[in-house]
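Chemist: For reference, the chains in residue letters:
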Amino acid sequence: MSNMQEINSTLTAGSYFFTGNEAAAEGAIAGGCRYYAGYPITPSSEIMERISLRFREVDGVFMQMEDEIASICSVIGASWAGAKAMTATAGPGFSLMQEAIGYGAFTETPLVIVDIQRAGPCTGQATKVGSGDWMQAKWGSHGDYQIIALSPWSVQEMYDQTIHAFNLAEQYRVPVFVMSDEAVGHLRERMDVSPKVRIVNRYKKSGAAPFGTESEDGVPPMPAFGEGESITVTGSTHNEFGVRKTDDPVVQTKLVGRINNKILNKREEIAQSESFFLDDAEVIVIAYGFTARSAFFAVDQLRKAGKKAGLVRLKTIWPFSDRLITELGQRDKKLFVPEMNRGQIFGEIRKYACSEVIPYQQTNGKIIHPKQIMEQIERIL
Amino acid sequence: MARDLEAYLRPEVKSTPFCPGCGHGTLMNLILRAIAELQLNMKDILFVSGIGCAAWIPSPHFNGDTLHTLHGRAIAFATGAKMYNPKLKVIVISGDGDLTSIGGNHLIHAARRNINRTVICANNMIYGMTGGQVASTSPLGALTATTAEGNPYRPFDLCRLVLGAGADYVARYSVTQPLALMAAIKKALNIDTFTFIEALSPCPTQFGRRNQTDSAVQMLKALMQNCVTKEEAAGMDKALLKTKIIIGEFSNE
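From first to last, the protein sequence lines are chains A and B.
Per this note's numbering, the first sequence runs over residues 1 to 381.
Per this note's numbering, the second sequence runs over residues 1 to 253.
Treat the hints as calculated values from the structure; they're not laboratory data.
Below are the DSBU-like pairs computed for lysine-lysine, each with C-alpha atoms no more than 35 Å apart in a straight line:
| no. | chain 1 | residue 1 | chain 2 | residue 2 |
| --- | --- | --- | --- | --- |
| 1 | A | 138 | A | 371 |
| 2 | A | 204 | B | 43 |
| 3 | B | 14 | A | 205 |
| 4 | A | 366 | A | 307 |
| 5 | B | 43 | A | 205 |
| 6 | B | 87 | A | 204 |
| 7 | B | 43 | A | 245 |
| 8 | B | 221 | B | 186 |
| 9 | B | 43 | B | 187 |
| 10 | B | 14 | A | 204 |
| 11 | B | 87 | A | 205 |
Using the sequences and the hints given, assemble the complete structure.
Modeler: Rendered as structure tokens:
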């Protein structure tokens, strides 16, 4: 029930030679972001730096806050004041934001977080690549809720997916994460900007309940502060008008059910993936983010050598497309899952796959090289 | 007179959630009277609060936009809303634990940035909602659920803290001085930079019963005795002054 609109791109159409982080900043502006709050953290800071300059040209509001908690909280405040709002961070900052992410999910606040993942845990290797924030993205805040998390593999996708993230956030009234990594964030390559951008704006209906729908998986309209609607927003359990109901089991069940169902029931629509060389493949690589680039190169080389390898690239991780994995498994092919973490998505794939799933995990602060993937696949074949 | 303020309350929520003898109901009344006397339109006001008893003063009772946020983070949420829509009149109302302990960092940075908003801190010197644990504002020696032998640490002087961080206008009054407190709230609401009001509010349920001031009347009397004006403080013996709370308006000028 949100409104789609085609608008002119904020950048002149054409080709650009950007880093992933610069592209995310431009994608945000193109997607309508006009409030940004952040705190410096490697390897994401270039997003904030570019936004701070570019917002002067598009009349956006930029705030460098005192910490990541203040950043995400002010983003939520701005979103309720009517803004498309964003912050960007990396692992330690993402950890600090988790309580407010739960607030965003429970109050159904559209917002975008770009997480440029680095090698953890803890401070880890701040300038090195990692991909260990996936389960935190899904489960990081307490209680049962859903978010949407995307996985870009190129500079082009840092631009496209950040626009898409704003559209999803507005459509579903949910926090959306662009879960990139240091390698994509600092990659510099060509990307194209088209003259028009499709954006989605939140649905408004004066006087309507902002926190309830008749259906059990609906997205209610969202008013803004200052519109005379006397909105009451709370992170406590609330009825459809936002009034606290902290001891009513029916209201609690209904609200928690709906904020989960509105995403899970649409998961096949939201979750996107891309397949290469699947037809007669005997081993299928399932990869995402920068690792999918290495996997694509590896599979392409193997095909040229006559080896039957295929690739499925996950563009969306949460909500997880269990149907995709179940269907792949029915082919009775081996699934190979290379990741820059200790098997966070491997575990998810194994949940739904009917065939053998083989993990490959690297957490040394380096990317997984195509040669490593080729060697592993040749061993499996 | 009391019914005149009914228009300022959300129609579907009438009763207040506060314990007998709590000062927050008086503060609630004074904030609404200040708004009424200034003829501010509730539709233009955003009330932001954190977590705790005082956070329930505006949410959901006040019939404007209310944002009931996370523990300690009210000021940070308010920053985003105010910066994106400067037309909003933003009033933050929360407790001492919320604003000055878990949210202390946001408080000092908001005072430093000097972005227009009024923060009203209902200071009951204890964590009331969670059962009476010691706070950063509990007096030295206070008996609480976590200091059975008395609070070993000094409390914050909130007004000096916020002034030190750069606020233009700061005032402290007790709910036992309703007219002065309301006048200070009105003054703060008329200043277009960061302003801070510390409203001393008794908590007989959690503070009083542990500190030999069980009844609401006793607590109110104790507050009245302990509050001294800057002028009274000037001539007072230093040892005696340490047991007192200085009330009044404070500024950096």
